[in-house]
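J.: Quick note, the sequences are listed as chains A and B, same order.
With the numbering used here applied, the first sequence closes on residue 377, and no number is skipped along the way.
With the numbering used here applied, the second sequence closes on residue 309, and no number is skipped along the way.
Derived by calculation from the structure, the hints in this document are not laboratory data.
Heads up, a few of these hints could be off.
To be verified - Okay, derived cross-link-like pairs now, PhoX-like style, lysine-lysine, Cα gap no bigger than 25 Å in a straight line: (1) B/Lys149 / A/Lys22; (2) B/Lys130 / B/Lys167; (3) B/Lys167 / A/Lys290; (4) B/Lys25 / A/Lys213; (5) B/Lys167 / A/Lys22; (6) B/Lys109 / B/Lys149.
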Amino acid sequence: MRTLRRILHVTANDLRIMVGDKVFFFWTLAFPVLFIVLFGLVFKAGASAPDVAEVVVVNQDQGRWGAYFIDKIKTPGVAVTVTDKEPEAYNRLLVLPPDFSARIEARRDQALAFKKRENASARAAARVETRLYQAIARTLSELILYGDGDLTKFLDGHPEFRDIVLVESRFPPKTVSVVPSGFDHTIPGTTIQFIMMMVMIYGGISVMEDRKKGILGRLLFSPLSPGGLFRAKLLGRWLMGLLQALMLFAIGKIFFRLNLGNVPLALLVIAVFALAMSALSVFIGSLCTKEDLIIGLSVLLANLFAALGGCWWPNEIVPPAVRTVARISPAYWAMDALHKLTFFRGGFADIAPALAVLGTLAIVLTAVAGKAFRIRD
Amino acid sequence: MLEIKNLTKSYGDVVALDRFSLDLKKGEVLGLLGPNGAGKTTLISILAGTVRDFTGTVTFEGRSLFADRSMKNRLGVVPQDMAFYDDLNAMDNLLFWGGLYDVPRADLKRRAAELLEVVELSDRAKEPVKNFSGGMKRRLNTAIGLLHKPDLLLLDEPTVGIDVQAKVSILDIIRSVGAAGTAVIFTTHQLAEVEGTCSRIAIMDHGRILAQGTLDALIRIVGEKDIVEFTGEFAAAAFSEALQDLAGDGLELLSVADGLASLAVADTGRIPKVMDRLFQRKLAVTDMKIKTPSLETVFLKLTGRSLRD
Chain A
1 MRTLRRILHV TANDLRIMVG DKVFFFWTLA FPVLFIVLFG LVFKAGASAP
51 DVAEVVVVNQ DQGRWGAYFI DKIKTPGVAV TVTDKEPEAY NRLLVLPPDF
101 SARIEARRDQ ALAFKKRENA SARAAARVET RLYQAIARTL SELILYGDGD
151 LTKFLDGHPE FRDIVLVESR FPPKTVSVVP SGFDHTIPGT TIQFIMMMVM
201 IYGGISVMED RKKGILGRLL FSPLSPGGLF RAKLLGRWLM GLLQALMLFA
251 IGKIFFRLNL GNVPLALLVI AVFALAMSAL SVFIGSLCTK EDLIIGLSVL
301 LANLFAALGG CWWPNEIVPP AVRTVARISP AYWAMDALHK LTFFRGGFAD
351 IAPALAVLGT LAIVLTAVAG KAFRIRD
Chain B
1 MLEIKNLTKS YGDVVALDRF SLDLKKGEVL GLLGPNGAGK TTLISILAGT
51 VRDFTGTVTF EGRSLFADRS MKNRLGVVPQ DMAFYDDLNA MDNLLFWGGL
101 YDVPRADLKR RAAELLEVVE LSDRAKEPVK NFSGGMKRRL NTAIGLLHKP
151 DLLLLDEPTV GIDVQAKVSI LDIIRSVGAA GTAVIFTTHQ LAEVEGTCSR
201 IAIMDHGRIL AQGTLDALIR IVGEKDIVEF TGEFAAAAFS EALQDLAGDG
251 LELLSVADGL ASLAVADTGR IPKVMDRLFQ RKLAVTDMKI KTPSLETVFL
301 KLTGRSLRD
């Protein structure tokens, strides 16, 4: 009990000194918020959806099924413009080929081209795409029910059958539910990046300075054991990372409507990640003897890991080869887990592999840091 | 109270402590004198529990000083480094360091306030330590080691690099701590500090105690001889050879190095003869000092070196 009290006493003092530093809040809060706003707006630009998603349908079909299909697309949230040739400007475009009806009647498969202008809203495109799946499903269902007869005529005579086939689109749990962009991406990404940077820099420098000034040695004049001292230093840096994450998430929630999905699991990911970074900071602080070296190393590692790990842009958009290399970054596993929670509404089972990797990393780094922890130069 | 027996510690081939033994009684203030590398800091570090892998025993009131970590509650250490937090104020530093020991919180606050009075920092208690002068920092450094009222206090060169006023203040504290019953060991380079502060003085070199006792007892070691120190541009071998036949009969060659030599002489009337011999041999002596018996001459006789070395 007394050992724990001493550990907490040292930890609380470390936190107090870090928080008491005038520039602490700039680097842990103000600067990351600046990053969040900047990157959030950049990603948000293409992510806002208009009230009505317009789509141009180029109907080259020679038969009757093209018009029938277009009729199924129409809905209040989707404005359909039908034309016979591809316009120069459009936001979203669907092409029905000349043999669209012929292929349906011949029971042959066919591919439809759906295009989106590069900078057009991805959310609107997703809405139109959803409507297309519904239209395809309804057309296929009605074909199965009524065969090749003149459905329009049949339905005109029997209005009670008009909506007999209802198609409801629902994304399975593991598919994307929100386009990964905007603040929902940049807030966790920036948080992960700045936990790495600040825990490594502040945590590393203070371990080095305490050692050089003889403070670590003096702490051991007290009943605190070397193991207790190491745990106290680790705990202080871990709490610093958690504190930073909580502050950034709170700001994200209040000002940017941050949606983390399962919040307790998101905090669990942050906690395990912060523990790994705390151990890394003690390790760096134990190895380095110069402040400049710690800053340089920390900035380099944090930015490299952040870029590779998907803190700056979603990992889903990078080439597969880069994604494979990115696995060396602890940030990759943290962002992977946070993405699964935020964008895919995942649960514990979905993030368990990433948590296992981060947990293993935390254990290994803690062991290595414990071995490298030095009381004196 | 404190019993050290055959303490030996080596760093590779270098023996820092060589079968070092010492006893210390309650309230005794022991000044440990020795040149750089004598083993003083190693001794303090071992007693403080931060250096391991040694042989020998250290008991405190019959119990091993390293039996368990609770023994550290009885030990106060003032390191040579000014080891505290510059960003905190003096009071917060005392409360932090004191909080590591088993002292009730209320007692700790009262004790911290008392100690700030003792080290004359009460009026600066709420000021960040980084604004303090070197002397003020040294006083705070000392106060931190006293906060939990230790039974044994170890001070490693507590007066290095400070002004006279701060030095006097710290030596007063050491004296009063000893008078209150705490056993004190403090290491220093400064002979004057131990002369007026310590009830016992030990001179150590090469990891061993060469002599110990009261100031008077130590001075008796060199007897009534004066020490004559020669400086100049001469070779050690030539100097020794020149005075070889004069040695003995009240003249003793204490130490000889290139450019610096010391003799103990029972009668200063023999000095002209020594000078004649040196001039005959064309040894360029540029300065000569005669020192009456003192702790410094004892130190020189025992170690063959000046404390400055």
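J.: It remains to establish, for every hint, whether it holds in the given structure.
T.: Here is what the structure says about each hint:
1. B/Lys149 / A/Lys22: 35 Å, violated
2. B/Lys130 / B/Lys167: At roughly 20 Å apart (the allowed maximum being 25 Å), lysine 167 of chain B and lysine 130 of chain B satisfy the hint.
3. B/Lys167 / A/Lys290: 32 Å, violated
4. B/Lys25 / A/Lys213: 32 Å, violated
5. B/Lys167 / A/Lys22: 34 Å, violated
6. B/Lys109 / B/Lys149: 13 Å, holds
Comparing the model with each numbered hint stated earlier shows that hints 1, 3, 4, 5 do not hold.
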